[in-house]
Amino acid sequence: MNAGNRALWIVVSLLLIGLGVLGVLAHYGRLPGTDPSLPLLSPDVRDWWNSWDVWATVAAVAVGLILAVLGVMLMRAQLRRRGRADMPDLKMPAERGALATTAPSTPPSTGPAQPLVGAAPTAPPPAPAVPGGAHGGDGGVMGGARSRPVPGTLRVEAGALRHALTADLRHQRGVEGADVRLTGHADDPHLRVWLTIDPNADLTDLRERVVAVVDRFTVTAGRPAMVDEVTVRVPNRAPARVR
Amino acid sequence: MRTANRIGALLLGLVLFAGGLLVAVEAVSVAVRGEGWPLPLHGVFDTLTTTTAGDQSFLIVSIAVGVVGLIIFLSQVRPWAPNLVAVNAARSDGTWWMARRSVERRMASAANDVTGVQQARAHVRGGRRKWRVTIAGRGPADQRDAVTEAVQRELGRLDAPADTGLSVRLRPGRVA
Chain A
-10 MNAGNRALWI VVSLLLIGLG VLGVLAHYGR LPGTDPSLPL LSPDVRDWWN SWDVWATVAA
50 VAVGLILAVL GVMLMRAQLR RRGRADMPDL KMPAERGALA TTAPSTPPST GPAQPLVGAA
110 PTAPPPAPAV PGGAHGGDGG VMGGARSRPV PGTLRVEAGA LRHALTADLR HQRGVEGADV
170 RLTGHADDPH LRVWLTIDPN ADLTDLRERV VAVVDRFTVT AGRPAMVDEV TVRVPNRAPA
230 RVR
Chain B
577 MRTANRIGAL LLGLVLFAGG LLVAVEAVSV AVRGEGWPLP LHGVFDTLTT TTAGDQSFLI
637 VSIAVGVVGL IIFLSQVRPW APNLVAVNAA RSDGTWWMAR RSVERRMASA ANDVTGVQQA
697 RAHVRGGRRK WRVTIAGRGP ADQRDAVTEA VQRELGRLDA PADTGLSVRL RPGRVA
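Residue numbers (my numbering), protein chains in the order written: chain A, -10 to 232; chain B, 577 to 752.
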């Protein structure tokens, strides 16, 4: 997008420079084929327009519509979100979803592979589960994680996964704000993460914690997630220093 | 600049859309009613058929158009500071990005924490993956090494690329 806009404006600027130079040359009579004493538009143009009859109108309408379409395309390109399309909801066999919810229970602080959504009641996840985030296609599996697997399809809303992942990130030490975008195919989730961090945060430590969060997401989603990009921002205030 | 470009492109798209529709509507209006609508074309036609390239107004407009084009051109071809720079780059599992202004704030803050250093400002230049930091501030010259060390420590906390350049300029501070 940035490179495209830059190229667009370079082209526009060259056109403007060219028009300006041609205008100055025409003014001083240095442009071959022009006469500074002649009007910019010949009065004969009206007759010329009328000689084309209806085709002049058709041509003008066509040119106008082409310009309008180009304008819409340009606006759409500017407003379009960058990157891949948002990930659709996950669909998996109910047995598989149930297995994911009964992953080995480990304490929240040390369990990097603990599911984010619908964990077993004996081992609450570090991030709050999102109510209604998952729906069993045949009897609601997520609500009763310890129930026996039942046949059917388990649908996990991508939005619920996103909210759970965002909440888990926000709970990490050194993170003041987080936002996540899930993209790609449901079988191949990709993550784009935006973090607002404490000015004192050590990025190398933070990275380890984020990797653990992504690992938990992988367990929850039942498929590995690829982190495409992590963008970090620091709020505009001085870090607290210990002297 | 990126935001300005985007807003400008959005406005250009809007102008193209509105202008294109206007051309189409005017053409149909001229064909059906014999006169332009919604804009009367007589005034435009009269102006264009009475103005010559030798007129002073034509020269002024031409120069203005050329200057605007030149300003836009120069603003596009000059090197831009990256809005994001690579941090945590030493790891093999991908690169994190940090807002350039955030990096500048952290570096300036680290420099200002050195005793005797005031009004330190940091500038990050270069590319997204390979960048350099310039620190400029007021303070005793013998604190330059201390500032360099503090900023390098902060770069280490960001796990900045190993080849990140650093230059420190300290001017003598004002005596109170």
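These are calculated hints, taken from the structure and not from any lab test.
The reader is advised that the hints may include incorrect statements.
To be verified - Quick look at which bits of chain A chain B covers, simulated, 3 or more residues with Cβ under 8 angstroms:
id	stretch
1	144 to 155
2	158 to 164
What the hints assert, rightly or not - If the Cβ cut is set under 8 angstroms, some of the chain A residues that face chain B in the computed set are:
id	residue
3	N(-6)
4	L3
5	V10
6	G12
7	P28
8	W37
9	V169
10	V203
Computed from a predicted structure; not experimentally measured.
Idealized CB from N, CA, C, for every residue including glycine.
>> Given G12/A as an interface hint, is its Cβ closer than 8 angstroms to any Cβ of chain B?
In response: holds, 3 angstroms
> Against chain B, does the stretch 144 to 155 of chain A show at least 3 residues with beta-carbon separation below 8 angstroms?
Replying inline: Violated - the stretch 144 to 155 of chain A has 0 residues with a Cβ nearer than 8 angstroms to chain B, which falls short of three.
>> Checking hints one by one. Is V10/A an interface residue toward chain B, by the C-beta closer than 8 angstroms rule?
In response: This hint holds: V10/A lies near chain B, its Cβ roughly 6 angstroms from the closest one there, short of 8 angstroms.
>> Using the nearest Cβ pair, does W37/A come within less than 8 angstroms of chain B?
In response: violated, 13 angstroms
>> Can you verify the interface hint for V169/A: is its Cβ closer than 8 angstroms to any Cβ in chain B?
In response: violated, 14 angstroms
>> Does N(-6)/A hold up as a contact with chain B if the rule is Cβ-Cβ below 8 angstroms?
In response: holds, 4 angstroms
>> Between the stretch 158 to 164 of chain A and chain B, are there enough contacts, at least three residues with CB-CB distance under 8 angstroms, for the coverage claim to hold?
In response: violated (count 0)
>> Using the nearest Cβ pair, does P28/A come within less than 8 angstroms of chain B?
In response: Holds - the Cβ of P28/A comes within 8 angstroms of chain B, reaching about 5 angstroms at its closest.
> Per the CB criterion, is V203/A less than 8 angstroms away from chain B?
Replying inline: violated, 10 angstroms
> Do the numbers back the hint for L3/A, that is, is its least Cβ distance to chain B under 8 angstroms?
Replying inline: Hint holds; L3/A Cβ to chain B Cβ min 7 angstroms, cut 8 angstroms.
When held up to the earlier numbered hints, the structure conflicts with 1, 2, 8, 9, 10 and fits the remainder.
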